[in-house]
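Build the complex: two chains, separate frames, hints provided.
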Amino acid sequence: MDTRTVAVIDYGAGNLRSVRSALCSLGYNALIVDSARGAAEAQAMILPGVGAAADTMHNLVRSGLAQTVIDWIAAGRPFLGICMGMQILFEYSDEGGGQKCLGVFPGRVVKLPTSHKVPHMGWNQVHYRRDSALFDGIPNDSNFYFIHSYVVEPEDDEMIKATTEYSAQFCSVINRGAVVAAQFHPEKSGAVGMRFYENFLSLAAEGRLRHGIST
Amino acid sequence: MLTKRIIACLDVKDGRVVKGTSFESLRDSGDPVELARRYYFEGADELVFLDITASKEHRATMAALVERVADAVFIPLTVGGGLNSVEDMRRLLLCGADKISLNTAAVKQPELISRAAERFGSQCVVVAIDAKRVPEHEPYRWLVHTYGGSVATSLDAVQWAAQVAELGAGEILLTSMDADGHRAGYDIELTRVVATSVPIPVIASGGAGSPEDLHRALTDGKADAVLAASIFHYSEFAITQTKEYLHHKGLSIRR
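Residue numbers (this note's numbering), protein chains in the order written: chain L, 1 to 215; chain U, 1 to 255.
Just chain U, same shape as in the assembly (with noise of 0.2 Å):
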């Protein structure tokens, strides 16, 4: 049986790792490739590294990093931030990346997903999708922002994953910005509207607290991962007990 998948992630910031809360002011928590090494003893399926500065100039140290961490850890690895084109996704491939994470540039140019789908396969093309609610709008609704949260689309949420994934993504990484960050549980509506709703898999992000909040997500979310940062790199929930909290209520796991 496949089992559900518990991801770190790692922002990185000018070469360190950082998490900020609902995308604003950054806190400064390491070194990503002692991180992603510690990560991946304690049992980490998945390790993702978005790129949360992306301009020009730190291109070169992003792809210099994940060459360190593919050496370093034995697992998937997926990188995101500025990306803007087939080429600057094979760069990272050739560094050791396994997934690209699309997010502003998909808005931009759709096309870019159809295009790297047909050139690295489906399996390596993730879209991150950074979705906030439409405020008392009934039945939910959720808007697409773009650039790291600051720009609002008019792409409805759910729509646009539905759009990703006939475009040729691989995975979803969905990412609700009002939970972002504030530790009281991810937006299980969200999660579970898009998760039904599209024939890929679904991580959900944001607002992880505590290992209910993520049991919440994978069974009533219906989430085929879940993402979490703050929670593990200030270990206050290690990821192995993370995980044998969530096989001790009935998922499957890898432990």
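This is chain L alone, in the form it adopts within the complex (with noise of 0.2 Å):
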């Protein structure tokens, strides 16, 4: 296995580049994979999210990347969910009249309150619900950047570790064994961004992701 190395999942939804910029930038390799062999040798894999909850599950159902990203999880190897590839971890999405998603944790996909203008777009805090390693060298409440209109509800409060406001508060970063998921984006987030990848990695590369983070 190369600890240098990122599996990068890519179901057709386009921009895996500013992902795959941010990991060269710090010294890792982007692996890109796009069927449902080729992510072995990777140290971590990463699920961006960019578009609708039923296009992104038909296409991975399809591809076969679907069972990828459940076997790896379930192997309990390092996994990072971005955004959608946040959301279609639980159970089921209200977006588009209702997608079945990959059950993965317990848990459903809301959309955000209209009280706001929606999609949530910009820049908002992320404030600490518990302590974490995935936290390290990262301010309290500092901004990242968000883009979307839904967001997740655990059933298990325990994973959330990062709520952020937008009407109310939502889940923006959970992690349960070796799997991290944020509803912002990383490589979009500037210098927090950027440290929160390397802190997720850097975990991945010490094996401390495997069983749970140590706060």
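Below are the DSSO-like pairs computed for lysine-lysine, each with C-alpha atoms no more than 27 Å apart in a straight line:
| no. | chain 1 | residue 1 | chain 2 | residue 2 |
| --- | --- | --- | --- | --- |
| 1 | U | K13 | U | K108 |
| 2 | U | K222 | U | K249 |
| 3 | U | K222 | L | K111 |
| 4 | U | K249 | L | K117 |
| 5 | L | K100 | L | K111 |
| 6 | L | K117 | U | K222 |
Please keep in mind that the hints were generated in silico from the structure rather than gathered at the bench.
If you want it as structure tokens, here you go:
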């Protein structure tokens, strides 16, 4: 296994370049994975997310990548989901009339209240709910870049590591075992976003993610 | 709390950054990648690249430029200028753009907005509106202009804004042609009327001459974000300093 290689799942949604650039600038190699094979040698896996839930699930299932992701997570290997890549980890999304998702975790994905403008677009504070080594070197309430209309509601409150306020508090970072996911885009969040990637990748390389993150 | 965004705009012609006054008399002001990096380190919340040549032969130049910028800065990038099809948009998204801005093409074929929103999601689709005041008209009225401001249409800017939101645009980049380049402040009335009438974020553009102008657009103008070019290009007011000012005036700003 190559500790500097990170599998980036490509399910045809487009913008992987930013994630790849971010990884490269941190000294990692991005291995773009677009079929069920090919991720094995990587140290960690990133599932970037843009687009709609239905398209994402359709493309993941059709390409066989849905099973790749499920198997990877089941094996306790380091995994990072971003935005839509966070949402589809749950059982069901209300987006587009309803979409069954990967069901890695119990919980659902619901639309943001429309008392504010939706999509929630821009820089907003990530407030720590629990200590985590994922946040090393990043001050509490730092601004990260968000662009989304739906949010996750995990059944297990323990996995919620940070929240963000927009109309109401929503879950912006989760971690359970080796699975980490964020509603914001670290690759678009400047220095703090890069640090978030760096923390995740270091924890993955040190094997500290397999049994959950020490706090 | 969602912060107010400060967006730096780079007008690109033949691979160089230029800035004109009221859409004419362009001045050359630098290398796009170098400038993008400077803005990134100064704390710009987003960058907008507008290809103002947008002729066919320069498409490739812009795509290559977007790739270089996407490798160098880690904040959102919007790219616009001369895009006519979903395929044009897809190409730039693959090069590393996060959002695509449609202007003339959206007016000519409004269904392009819906197609793009379906294909890439509304969050990728910005509609740029170049609006010009109808002189001596009470109440105020603005007409949409296309082709870099050179062609007047009969579209009412406020109605057009509502329509593009309805069609699936995720954001509106609203430029006052009257104010653009004059550095005497944004068109506050235009900004406020549009920003309070659509359910999507509105970026005020055209006319920034000082940090006070940005403040007015974000408060009186109700804009979700402000865009400026020349005041940042010529370092009259650095982005860092502008954001400090806005913060001290009580706005929620990323610093």
